[in-house]
Amino acid sequence: MLATNTQVTESPKAPRPHDGSGPLKVVPVRRYGTWALGVVVLVLLALLVRAFAGADIEYALVAKYFTASPILWGVWHTLELTLLAMCLGLALGVTAAVMRQSGNPVLRAVANGYTWLFRGTPLLVQLLIWFNLAIVFKTVEIPGLWSASMNSVMTPFVAALLGLGVNEGAYIAEIVRGGILSVDNGQREAAAAIGMSQGKLMKRIVLPQALRVIVPPLGNEFIALLKYSSLAFTISYSELLHSANKIYTANFKVIELLFTASLWYIVLTTVFTLLQQIVERRLGRGHNTQTKGFGRRLATNLMPPSWR
Amino acid sequence: MTTTQSFVPSVHSTTAMVQAVDVHKSYGRLEVLKGIDLEVAPKEVFCLVGPSGSGKSTFLRCINHLEKIDAGSLSVDGELVGYRRVGDRLHVLRDREVARKREEIGMVFQRFNLFPHMTALQNIMEGPIQVRGESKAVARERAMALLDRVGLKDKYGAYPGQLSGGQQQRVAIARALAMQPKLMLFDEPTSALDPELVGEVLDVMRGLAEDGMTMIVVTHEMAFAREVGDALVFMDGGVVVESGHPREVLTNPQHARTKAFLGKVR
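Residue numbers (the working numbering), protein chains in the order written: chain G, 1 to 308; chain C, 1 to 266.
Since the hints were made in silico from the structure, they are not lab data.
Certain hints may be false.
[What the hints assert, rightly or not] As a list, the in silico EDC-like pairs of lysine to aspartate or glutamate whose alpha-carbon atoms are at most 20 Å apart:
# : chain 1 : residue 1 : chain 2 : residue 2
1 : C       : Lys101    : C       : Glu39
2 : G       : Lys203    : G       : Glu174
3 : C       : Lys153    : C       : Asp203
4 : G       : Lys203    : C       : Asp95
5 : G       : Lys200    : C       : Glu103
6 : G       : Lys200    : C       : Glu104
Source: prediction; values computed, not measured.
Produce the entire structure from the sequences given, and follow the hints as far as they go.
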């Protein structure tokens, strides 16, 4: 390299033959635009931080309430509601998706009707309908076995769980169906050819392979559900936002408590995003040497070359 | 290979292993099988050749009811495929009953169709354990013996994605053999392989033929058909154009269409 640098004297245009004393130097494209943009973004960010720092916000309160007991209870209730609603959604969604693959037209129609109805109406409206069901049905009963007043059954928790879970199931049904359709038909044929029944074929061959396609969007659904659970605030279920609201209606520290709640939501979604990545890696078994999935390809492409 | 154990079960009947009488099949308006009559004897290696779209793969898939036939009759080892005859009526069998019949018919696909989320060994053990209810130990022992037989004993822990096409196809053959079928169907088993990998798969098939397995092979490998085949049928446009001993048909085709096809293949 040293030699080549010192010898550029004769003609600057014509490529000079390499003298073989060392490797030719590769000069990467210089990206001045990137640097300029980076500076602009930093400046904007600094302005934003300064604005919020100078605003009338008691940041100490954000930290103080972060571990306050009503907020922690709110976090616990949010988690409980989200996890249970996800379980309900998964059960309903997988059932509906498998029903849509069935040869039985009645089962197909029922599954189609379910997704159509619950994807076609807003979640907030569904929550309000569940919660107010007592207005039109005074009692719930299994004839001859059990009966109770609707008011005592449809507590805020039950209404929130049903509202979120049943709605989520309709979306999960579509995700699972997409996953099932992504599995090559040859897999079904190969399983059928060794004498597997339809049910076993679904359970052993199709669904495990569909899982790889299903899990990434399912992770997104879970994170979305975690945030949608804040809608249960409107039917007075004591989740995170509800707890924050209770405190700030008393002390008027509105933004501080909304920040506390936001901080908790971001902590929870970050934790679940990491968990999702671990699960996805585990599901990649047997595919390590095959073409990478879209997500991983995208990640690889976004990474700086030195990290690959 | 250390084991001399045969994987071919004994066949009870002396009648045809496969008998097709006037088999018709349409996809919508397109009639792909226009009356196929043929008979495959036990222990025979039966080759189906013809241009693409001639209906040979469709016919093969009808034999284990991956495709339903519209008219005619198709029976394997004396039993109708996909139907039960009661008097003059044919009752369509339930999925479970069809599945039971398929156990006896092994199938090897052009694109291997190994289960990618299972290792080679698990692929082979899946049928015996899940369908036959065999114990893990028994299934594993036979699966290892089969892997040895196809020359892949050391690859038992490999996932399909880590194997070459030829290796995958040999595992797929082992997977079909694990169910101890009395009939093996091969749907262009070497067509998706790189040329240098074709030989290893044909070697396994040759060994199977020597063991007396009844095999129906849809293939473009004329050399294999000539050397190993006992009977050959040339199909075109959904009908059997010509049939006979492979050596006769391939060296001295009678029909113009057969001549034209063979001229292009060679």
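Right, here's what the structure says about each hint:
Proximity of lysine 101 of chain C to glutamate 39 of chain C is assessed by CA-CA distance (about 19 Å); at most 20 Å being required, the pair is judged to hold. Of the pairs offered as hints, the one joining lysine 203 of chain G and glutamate 174 of chain G holds, with about 18 Å between alpha carbons and a cut-off of 20 Å not exceeded. Proximity of lysine 153 of chain C to aspartate 203 of chain C is assessed by CA-CA distance (about 16 Å); at most 20 Å being required, the pair is judged to hold. The hinted pair formed by lysine 203 of chain G and aspartate 95 of chain C meets the criterion: a straight-line CA distance of about 16 Å does not exceed 20 Å.
Between lysine 200 of chain G and glutamate 103 of chain C the CA atoms are separated by roughly 14 Å; this keeps the pair inside 20 Å, and the hint holds. Under the criterion of a C-alpha separation no larger than 20 Å, the hint pairing lysine 200 of chain G with glutamate 104 of chain C is consistent with the structure, at around 18 Å.
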